[in-house]
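Participant: What follows is the residue order along each chain.
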Amino acid sequence: MTFDRRDFLKFAAGGAIGTLFTPLPWKLLDDISIWSQNWSWIPRVPKGNFHTKNTVIKLGGSAYGAKVNFVGKNPITVAGNKEHPLSYGGVDPVGINAIALMYSPSRVTTPLKKDTKGNLTKISWDDALNILIEKLEGASKKHNNILFVSGDDTSSANEIFSALLTKLNSTLYFYAPSDRHKYFVAWNKILNGWGEIGFDIENSDYLLVLGCDIFDNWSTYVRNQMAFGNNNIEVDYVGPILNHTSVVAKHALIISEKDLYKFLFAVVNVIINHLDNVSSITGIEDFLGSVTFNYNPQKIAKEIGCDVSDIKNFAKRLLMAKRPLIIAGSTIDGGGPTKNILAALIVNTLLDRINKKGGITCIPNPPKILNNALSHQEILNNDLIKFIMKQNTKNIDVAFFYETNPFFELPIIARKKLQEIGFKVCISPIMTESCYECDLIIPSPYFLERLDDCFTPFGSGAANYSVANLLIENKNPSIPDFFINLANKLKIDLGIDSFENLIKTKSEYFGEKYDSLIQGKCWIDYTFETPYSVKIWNRKIENIFNENGLKLQSDEVEVTCIIKRKVGTSLTGILPFSNNVIYEDELPDKYMYAHIHPATLEKFHLKENEKILISTNSGQIKAYVKEDNGIVRDSIGILYGMGRKIKDKFNEGKGENVVDILELNREDTLNNFYWSNARAKLQKI
Amino acid sequence: MIDEKFIPEGVERCSFPKFMAWMFFLLLILLIGIIAAIKILWKGLGVTGLNNYFGFGLWITFDLSVIALGAGAFFSGFLRYILRIDELKHILNLAVIIGFLCYSGAMMVLALDIGQPLRCWFGYWHPNVHSMLTEVTFCITCYLMVLTIEYLPIILENRQIIKNPFCHHLAHNFHVFMPLFAAVGTFLSFFHQGSLGGMYGVLFGRPFAFREGFFIWPWTFFLFILSAIASGPLFTVLICSLIEKITRKKLVSYSVKELMGKISGILLCIYVFFKIIDTYAWATGVLPKMGFTFDQMFNNVYGKWLLWTEIGICGIIPAIMLIIPKLRRIPALLYIAGILTCSGIIINRFVFTVQTLAIPVLPFDKWYVYIPNWTEWATSVMVITYAAIIISLSYRYLPVFPQEKYLNSK
Amino acid sequence: MSELMQIHEHFKVRWGMVIDIDKCTGCGACVMACNTENNIAPSTDRFNRLRTVHWLIIYKLTNGKTGKEYDEAYLPRPCMQCENPLCASVCPVVATTKDEEGGIVSQIYPRCIGCRYCMAACPYHARVFNWYDPVWPKDMEKIITPFTSVRPRGVVEKCNFCHHRFQKAKEEARAKGQNPLELEEDAYQPACAEACPTGAITFGNLNNPKHKVYKLSRSKYAFRLLEKLGTNPQVYYISKREWIKKVADNYLEHQNQKG
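Residue numbers (numbering that gives the first Met the number 0), protein chains in the order written: chain E, 0 to 684; chain D, 0 to 409; chain R, 0 to 258.
Just so you know, these hints were derived from the structure itself, not from any lab. The beta carbon of each residue, even a glycine, is placed where N, CA and C say it ideally should be. Worth double-checking, as some hints may not be accurate.
Claimed, not checked - Computed list of chain E residues with no C-beta within reach of chain D, every gap over 10 Å:
hint, residue
1, Ser32
2, Ser35
3, Lys72
4, Ser279
5, Lys355
6, Lys356
7, Thr392
8, Asp496
9, Leu551
10, Ala598
11, Lys602
12, Arg665
Claimed, not checked - To give an idea of the chain E side of the interface with chain R (calculated C-beta under 10 Å), a few residues:
hint, residue
13, His243
14, Ala320
15, Val566
From just these sequences and the hints, can you work out the full model?
Facilitator: This is the structure in structure tokens:
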């Protein structure tokens, strides 16, 4: 049989037509839609049983209860916990990123040691333990030779750490600077109040917020937002820059941070004749005299650059409110002057808002289980900045930085003082700036990887206690247990054998079942301290207010920080999903925006989008000019949280650290430091 | 010459090495385009200058322009076979080739432009009858088939191929049925030219493009047909003259070109007349209803100058030049009018594609500017080069111009 | 003319959103919740509306005034799920439709050919294109949820009101023997509404008087974006501030004067 060309053509044509009647070509075509969706490099969605567990989110922001959704063993998403009084079902950007952060490319996974050349090498946990034993044995021979800074002021871990420190002959135990500390100074030390200040925002009907951003990053911001959303609360805001609180405020007024207390006292001056039942307050006569004499609205309005009508309006709104609450705070947590906080506490007292529904609450101090541990109040009494600025830090042999990042968030001068410490240990989940400055880095388990507890984050309306259970496998030891182990090796008895038992003991103390706490229940207690001995005015307080703040030269502007929680915290770095919400008008490119009021632009002959060099005594950064009507005159606003040295793609190449140009200023009478602003010179480049 | 026996009888062509040099030059440019195309297919459309605001850009402008300019094919066919304007047969072959190149080129660009080229056939498999783009897809592909059928007999007429009896028969039969194909082509073309306009006219979320209309067709539907048939013949004339310039030969008698110019001129007059009415109605009717002013449609990049250039310099002026016999009899003026008309149509397609998308519709949004990057340019130039290659080959080996022998006989 | 191009569907259930701008602090939690829920890859570069994949975006609005009159607000913008979705009628391959009870405009990724005509059609910029393949850093792909398939490059995507949650709610209702067309408000909430810490985002069936959105969307302070275009969004906004209402649509000068 021959097969000629014609046969071949017939065969080919017949075959082609025949194939069309089979499902083959059609099935193949249809499958294209499926496999052009499922390339091997496109990740598949997971399969598994969907379930939900409760936890507590911390991560450098304010703690709150939340729910974590799992598929099989893997946690996938986070949602708020409606039953938790610090969440009410709300979440914040940090919480939503919490799971992604566990897989951050910058996680510290093993202990790291810095060699003599400054390179980091991986070491085992035993090596880390041995290094610490050696260092601590040597250091403990001298009194106060070991310093510990804790970035978590709600955890019982502080008891273990501080107890160990005491046993090692040191009381240098500090919380990282925050407004919690400033409130402690103002309330407990100056005004002679008792307990710790909380805000009963839920029951208030009018909030006057001075300076801080209570709906984005200050105090219990998730709960604050939910309380605002769920209840009929009117909010007014006064501060140096419009923020996430001012945007939902009924009235917002832009006034420099250094003048906020003046504004508040001028408001008091207006309502002075409407105050009832004030005669019983200690120091009231002197206070009213001082306000009448020094804080005349006309004079103050001129001084701080607002209208008298503004002061009167705010006074009217404050008077009209049934349950007003005045909340003052720093633009950058822990960095602001104490004066504003002090003034707000005085006026709250004056309006009889202490321990009243919707007012300021005086929360009893947390219990202490370990005998040798420092109490919460004792730790608050230690002021890190004050200490390191006074002491020769070269004489300190060992420092621990637990879940805090001082080398990012403190002004350069303070960082330098910390740098001088002989041997520095950073305990951190992420390779932050501080890790790179330290000699030993210990990985801290994160979020679901550890058992942790949380007692009353700053700003809570009442004492509360919740526990986060260990929810996923973790091969690294928990840090408190590591320290218990360290204590054992140093032959020190801390009085507890595991962190879990410490939390169990604490649960018993609160009369709450441990099992229900780890399942998400929050213990809450509405008993408050009664501060009998509050004195709102005396010579010293008057002196505090008579002190002048930052004085600007005519060619200077004041630096103000813009804080947005969506950017992340100093501990987390820029969050994995932050870049999806850092918009073009927030970060133009690798340089940042300097927000400047149009009048100030004119004064300095600057135009929008020009590049400028901002220099202060501390340092300098470059930025593009951005016209912003929402900022006080003669100042520049710069986004905080940029310029990270964390080495991953989420963090690299994004702006500069505004803290680098902030200066450490001193409130002389209080002997307190603040750094929320600085005087800067601008130069076009 | 090495390829002597393939070259049509009685015509003169340049030497083979010279032709190869020319081909090599074209292939080099083509290669750059191919590299760009591979990069796009390999890495995704992220490597282009397109973005979420300008989902359509240079490629779509290019597509719409070549499809409009390629309208010479169907329209000349329509005039020749349906209206029986016999003179046009002298240029019809070229018109068909240009049409084929324009449409096949557009298809190539579209294959790059869509994000999932493997799914390009979904348009036939899962068509949405409400979408103007479905109509465009169907008509363009069908019409490309028609153009291929129209182009085939020209290829078959190659001196060597025609010797094959089968090819000879085939070519003959194609010729017999050509009026039918011309009719089908005309029908298809009218619709997709219109639908391309309709694609923009229906965008009631885009004030620059949206138009009221007749039945389901917005006015842009008709304007796009008119502008395409007005510019298509002129584009054919321009390409023809360009080939004449390059080859230094007369290929089509000027009377044919002039006739094409006259037809275009009349259509351009009608088009410009309606375009002006449409613009006026849009500015005073459509825009205010949407809450916009005429001024809001322009900024310093996409300025009113584009509109004035499109309608005035590239609309009214060439229309006048073409409609007055004295003027269009001067070749230079005919060509200038042709260039202006074609530019006007390109501007029109550009603003409908790009300016439509540049205008902020949300009041709190802002203007964006689209700048195509090298990958888009390279692939567009690639298609032009592809066309140059096919035209060069066709000119060299196929009897494209029936008048050539006569016009160049000494 | 355009009436004929529109798809007219009258649904018994119309899922809708009412966003109270006076309550939105602009914190960004909704966007991030949306990203993690719907497998939008974390971007390593700062957001770029021209390129970054996003379903929900927060615009910062200002009233353009100076001094004390100056005011600003944040406006989250999901897909408007228009009642006249132009994007659906222009799609050549039926990859996006509004044909399901509930009125959510779907987006079928395996069907989409990536022609981007729908993006040209949408005046809200609610649609984005996958310019590149999505990338999760090593290990971070563990956070991928089973709810939404991961989209390859070359397709368009948009917010779908967390449609998987709608499906789940309907299944649960059926399992309990309830009518899936009469879901309780709590039974179905998209991730953004669930995450919003001030409750600025309210979600529910616009046709069901028992749902909060029913009343809110009919409030005199309610408005929609670009109402004049006739897209009829199922997303409403609320603000007592007059200027915000003004910047939600385009007005000519004389229209402005009338207010």
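Participant: Please verify that the nearest CB of chain D lies beyond 10 Å from E/Ser32's CB.
Facilitator: violated (6 Å)
Participant: Just checking, E/Ser279 versus chain D, shortest CB gap more than 10 Å?
Facilitator: holds (53 Å)
Participant: Run the C-beta distances from E/Lys356 to all of chain D and say if the shortest one exceeds 10 Å.
Facilitator: holds (41 Å)
Participant: Hint E/Ala320 vs chain R: min CB-CB distance below 10 Å?
Facilitator: violated (18 Å)
Participant: Should the label of E/Thr392 as a non-interface residue stand, given a Cβ cut-off of 10 Å to chain D?
Facilitator: holds (50 Å)
Participant: Grab the minimum beta-carbon distance between E/Ser35 and chain D and tell me whether it stays above 10 Å.
Facilitator: E/Ser35 is in fact no farther than 10 Å from some Cβ atom of chain D, at 5 Å.
Participant: Tell me if the interface restraint on E/Val566 is satisfied: Cβ within less than 10 Å of some Cβ in chain R.
Facilitator: holds (9 Å)
Participant: Beyond 10 Å on every Cβ pair: is that true for E/Lys72 relative to chain D?
Facilitator: E/Lys72 is indeed farther than 10 Å from all Cβ atoms of chain D, at 33 Å.
Participant: With d taken as the least Cβ-Cβ distance between E/Arg665 and chain D, does d exceed 10 Å?
Facilitator: holds (44 Å)
Participant: Could you let me know if the closest chain D CB is still more than 10 Å away from the CB of E/Lys602?
Facilitator: holds (27 Å)
Participant: Return the status of the interface hint for E/His243: holds when the least beta-carbon distance to chain R is below 10 Å, violated otherwise.
Facilitator: holds (4 Å)
Participant: Checking the smallest CB distance to chain D, is E/Asp496 really beyond 10 Å?
Facilitator: Non-interface label stands for E/Asp496: nearest chain D Cβ at 57 Å, farther than 10 Å.
The earlier numbered hints that this structure contradicts are 1, 2 and 14.
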